[in-house]
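The chain contents come next:
2 protein chains.
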Amino acid sequence: MDILIKPIGFIESPFEKKDEDMPIQPGFSDAFGTVIVNSEYLEGLSELDGFSHIILLYWFDQATEEKLKFQPYLDDVPKGIFAIRHPNRPNRIGLSIVQLVKIDGNKLLVKGIDVFNNTPLLDIKPFVPEFDIHGIEDTQIGWLADKLRKKENGG
Amino acid sequence: MDILIKPIGFIESPFEKKDEDMPIQPGFSDAFGTVIVNSEYLEGLSELDGFSHIILLYWFDQATEEKLKFQPYLDDVPKGIFAIRHPNRPNRIGLSIVQLVKIDGNKLLVKGIDVFNNTPLLDIKPFVPEFDIHGIEDTQIGWLADKLRKKENGG
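Keeping their order, the protein sequence lines are chains A and B.
Our numbering numbers the first residue of the first sequence as 1 and each following residue consecutively.
Our numbering numbers the first residue of the second sequence as 1 and each following residue consecutively.
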């Protein structure tokens, strides 16, 4: 079963292809970006302006080869593609939760963007802590714990 | 530009089509489900078992008509499709963050599932608070605030 999807707009960001300053995740980014929704979908933005954070789904159009094991940005040992966030996935769908600063017509100013300029947009969903992270307190982050949490603790 | 994607497996859940007991979001669900990854992708699960929570992307195969405004489950006034989480979206991609209980080969036991039985699976990503919700403290949830937060406060 093949499924057809289509971009509904695109994301403008300060990060050009292969930019070495590209933040690897929204949690590490203060960058502003603009989400431009094709005008035919404008009506779908109604009442989105009440949300402070949105979930962006987009297409990793710069991904290269599909690989089941891949070396992530933060480690030098390959991991399973479903244990990392790298673009070279079976379905190249990326996800970022960003701050929604302002909506002006079909243009959304967002903060915390971590995608390349002109990334094709697939979906926008409101981020709702009561839906998305309700009851999530202790989390284990596997191989990333060594890379992220030790750093935070000065280790 | 059309994009082709393909299911990489499916999700088994206790919820049959049109089940009225279906939880509307993972935050409201204690239900267990099983994510079955096609065996050809088995290698991609390597090192996923260290993560306590995962992000599931899946295909809303029970969605009906694409609508830009739609009445959400929790309100009787239609909202823009990008301000709600309803399946009838331009690209019918669903997202749930669930607890990863156990991995047995290509089968993942998860808790907090909110999808119909046999939902096509598109992607699995590790949930990483440092990436996904870092710096997110105060959130505004627009039209949902009246529906969710007043209830929590006994209002």
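Accuracy of the hints is not assured; some may be wrong.
If chains are identical, the list can't say which one is meant, so a pair holds when it fits in one copy or spans any two.
DSS-like, lysine-lysine: derived pairs with alpha carbons at most 25 Å apart [unchecked claim]: (1) K6 - K67; (2) K6 - K147; (3) K67 - K111; (4) K111 - K17; (5) K147 - K107; (6) K107 - K67; (7) K102 - K67; (8) K17 - K69; (9) K69 - K147; (10) K147 - K67; (11) K6 - K107.
In case anyone wonders, no lab produced these hints; they're calculated from the structure.
Keep in mind the model is a prediction, meaning the values are calculated, not measured.
Query - Hints the structure fails to honour - result: Numbers 2, 3, 5, in rising order.
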